[in-house]
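The hints should help you fit chains B and C onto chain A, whose structure is shown.
Below are the chains, spelled out letter by letter.
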Amino acid sequence: MFLVVAALTPQREFGQGRYWSFPPTLANFALAWESAPFVVYYRNTVLYSFGLLLVQLVTVTLAGYALARLRFPGRQLAFYLILLQLFLPPVVLILPNFLTLRSLGLADTLVGLALPYVGSAYGTFLLRQGFRSVPREYDEAAMLDGAGPLRTLWYVLLPMVRPHLAAFSVVSVIYHWNEFLWPLVATTSNSVRVLAVGLQSFTRASESGAEWGLISAGTLIVIAPLMLVFLLFQRAFISSFTQSGLKG
Amino acid sequence: MARRVPVLVLALAVVGALAMPAAAQTKLQFYYPVGVAGPLARIIEGYVKEFNQSHPAIQVEPVFSGNYTESYSKILAAIRGGNPPDTAIMLSQNLNDILQQDIVVPLDEYIQADAAQVNIQDFFPAFMLNSQQGGKTWSIPFQRSTPVMYYNKEAFKEAGLDPAKPPQSWTEMISMAQKLTKRDASGRVSRWGLVIPSGGTVDTWLFEALTIAAGGLLYDANNNCCKVLFNTPPVEAALQLLRDLGGKHQVSPPGPIDWGTAPNDFAAGKTAMMYHSTGSLTFVRTNAPFEFGTAFLPKKERFGAPTGGGNFYLFKATPPDRKKAAWEFAKWMTSTDLLARWSIDSGYVAPRKSSWETPRMKEYTAKYPQALTARDQLPYALAELPVKNIIEVKRAIVNAYQTALTTTQPLKEIQAEGQKRVDEILK
Amino acid sequence: MTSPGVRAAAQPAARPRVARRRERTATGLAATFLAPTLISLAAFTYWPLVRSVLGSFERWSLAAPGYAWVGLDNYAALLRDQLFRHVLANTALYVVIEVPLAVLVGLLAAIAVNGSGRLRLLARALIFHPVLLPTVAVAAIWLFLLNPVSGPVADLVSRLSGSAPNVLGGPLSALVTVAVVAAYKNCGLYMLFFLAGLQAIPRELEDAARVEGATEWRVFRHVTWPLLGPVALYVLITAVLDGLRNVDHIFVLTRGGPANATNVLLYETYLKAFEFWDIGRASALTVMLVAVLLAVAALAMPRLERGVHYEA
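Residue numbers (this note's numbering), protein chains in the order written: chain A, 1 to 248; chain B, 1001 to 1427; chain C, 2001 to 2312.
Keep in mind the hints are simulated off the structure, nothing from the lab.
Among these hints, one or two may not hold up.
Stated by the list, open to error - Over 12 Å on every C-beta distance to chain B, these chain C residues come out as not near it, computed from the model:
hint, residue
1, Ala2042
2, Ala2068
3, Trp2069
4, Tyr2075
5, Ala2089
6, Ile2097
7, Ile2111
8, Leu2126
9, Asp2155
10, Leu2233
11, Phe2251
12, Met2288
As the list claims (entries may be wrong) - Now the stretches of chain A that chain C is said to cover, found in silico as 3 or more residues with beta-carbon under 8 Å:
hint, region
13, 62-71
14, 96-105
15, 223-233
No experiment lies behind these values; they were computed from the predicted model shown.
The C-beta atom is built at its ideal place from N, Cα and C for all residues, glycine as well.
Bound-form chain A, shown alone:
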């Protein structure tokens, strides 16, 4: 909320403690907009966060299903191995993963940027819980009808775990939309850089004072599409829970 006010007030007025100016100024937005190539960055950020999400939805569903429903030796071990990812501080992964990308020839590409996140412990955990909350009778009934595991998964189980997929989607997209440090290190070309990097390029002020109007306007520019998506889908998101219920 405060962001909107700060973005619309000239810094000079704002600094004096006057938080309204009429007419509101768009100068902060204009300055922010021209401070980074936002159009390209929007495209990249959408590709990165939503493209990654699509891949993740597949990987976490499959992995979650395997851990919840399939009986195989080493299941507990696999579960804890996957959980391990949650416990590693992301910052210690930056250097080794950058070097891995370099040796794969994928540094400075959107695919390379997304690659380390293809497997998601958080999503797998969430989906495993989701599948476990579905009574086994459902898939057994489907199996008796002659459906294979994939068909059962697709037609019977997937609709039941929609809320879990929705919850994971929210968390994943928000995280990657705003992610800064990894993209800063992993990319160099403007053609593959993302919004958070652009925002940081004109709001840093270690050698001068912070400009709230500019920070606010820049943040709003970065976040506007995401806001819009969430406003539109808020009801759908919540109703996806009501239909089947989020269970652990």
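Coordinates of chains B and C only, in the frame set by chain A:
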């Protein structure tokens, strides 16, 4: 077989055609950090574009690489990954760390070859202090700054002080700050006398300035890579001043004050005097609705300030032809006229004497004489804390002076602990 | 739900061969399904982890270029380090403040905005929107609001009390403040999850209790809360992980200060790994962190799972 040959020839021809312009044009990557709010990245990109247009044989790609710390880390990562930038702006203060990593080359042969254009004597000696070591020049100053005092002339008048006479000494500064601190009937402060920011930062810059003013230096100039001097009387005086501003003298809010918000407090008229970077000049100028001045940092024993900011470096791993092209670029970026433009666009201090003689700079300083203070203070300036492991050392020092501000622990104790800590880090 | 083993035993032992064959295909299927996740993790999580484990036995930093095998020295140095203990204490206090606050506010907000109506929708959007914002932007705004010289909050407080508090300038108040800012930023997400959980509860159950004359508190305590249990557990896990992993606001608000009062474990790891380039110590820190969290998970998980079995 016979049918394949033309295909091969054709393929070679295509490859050759594609490779031709690349061979003719040297492609460079240039990493730069941003330390001042505003569209600085765009300004840098604009300069690079001009360079590319006027030098068709060279194509520079500018890469924003975060703040100074992130930028340095990105460079180290790129070097480990076998793909270092060809040139970059890094902190001049980092020289000892950079030398330890053995990643840059000295620039002396380039400078000698281009002596006509790159006269090192033209750079202010203060800015060369962190740029030269062991008889060699390792970097060329580009975006440099130094702390100065900003003061509110209207507040001075209101308090019955002469706005043409900012404080010269610590004693004057404190007595003026007391007059400038405004309290209402209930004792609520509506304006503070003086703020020396000491919070929300990992920097020792202003603390160094105080130590220098007290006649000391935070490091041993004869062992500048490896010895920090924290347990000294000038450091004690600096700590005492910081502690007393919010305590005994009541001219500053108690506790550390954030570095980033301080210019805003000043521009809002809520603090009458502040220590800050010359880099904030543009911000203060555009946002303060009152007349303000800049002044030398007051002395206890002597005037003086550390310098700060970033220089151009060339990298060891760059192949010779690209190194030469990178030098061309660095030379162009640190030319007299461009440094004048950059100073006006960003608020940094132009590090070349000749930049100040250009018409555009003369016009600028005639309009904003406040910009001259930093330049005039340079003869008193000293090299910024240059030891290796600089970031960790700075954190230890920040921790010590913030302890002085937030506790009542005896200063001597804090100094002894701080000295022990930095000695361990530099062991 | 009974555990898989119990279920298998309970099944009539009529078709053992089919069961065995099914198990074999299941193993193959599981391997296929887990492959994308495990391969990605192997390259981008386990490999770095292995390097960390190895690195933790080496001296490798800017200070001493080149490697040297130092055995357990890095661990010993950490455990000896007073700052490390200080950081651990900060982390514990930070999590103890941030997690319950964010979860509780999220829960209360969910109860308050559960239902329909424009006002509720607006309130939801207001509480939720910080979740979408970059943490650094949220923190920058709070830095401005709380600034003791010209910040609006400080101004308001000083009008009421006569002096403006320098909340980010005091060691304890700064730690509390960074925790509160994080809770402000995170609680919207938890609200959303609780809200979804609340809406999944059949209204009839609560109504039935009300008809029997139960007070609202008793309805919540005995009907709503038990049904919300699984969601609450899930939110709690998310909150603890968020609390431990997100330190972006600390960069903006305090940079770990004053005097390391807001330096928490992950921030310290960041400094060692990314600023000091003390890879050896950073690795030792990482290995200890992972070991502790893994142990906690291994202890807590079976317990949690027992508590969250429903249906079937």
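Hints and how they fare:
1. Ala2042: Holds, since 20 Å exceeds 12 Å.
2. Ala2068: 14 Å, holds
3. Trp2069: At roughly 19 Å from the nearest Cβ of chain B, C:Trp2069 sits farther out than 12 Å, so the non-interface label holds.
4. Tyr2075: 17 Å, holds
5. Ala2089: At about 16 Å from chain B, C:Ala2089 clears the 12 Å cut-off, so the statement holds.
6. Ile2097: 19 Å, holds
7. Ile2111: About 37 Å separates C:Ile2111 from the closest Cβ of chain B, which puts it past 12 Å; holds.
8. Leu2126: At about 26 Å from chain B, C:Leu2126 clears the 12 Å cut-off, so the statement holds.
9. Asp2155: C:Asp2155 not clear of chain B: closest Cβ-Cβ about 9 Å, inside 12 Å.
10. Leu2233: The claim stands: C:Leu2233 keeps its Cβ more than 12 Å from every Cβ of chain B (closest is about 37 Å).
11. Phe2251: 9 Å, violated
12. Met2288: 20 Å, holds
13. 62-71: holds (count 7)
14. 96-105: holds (count 3)
15. 223-233: This one holds; 5 residues, not fewer than the three required, reach chain C with a Cβ under 8 Å.
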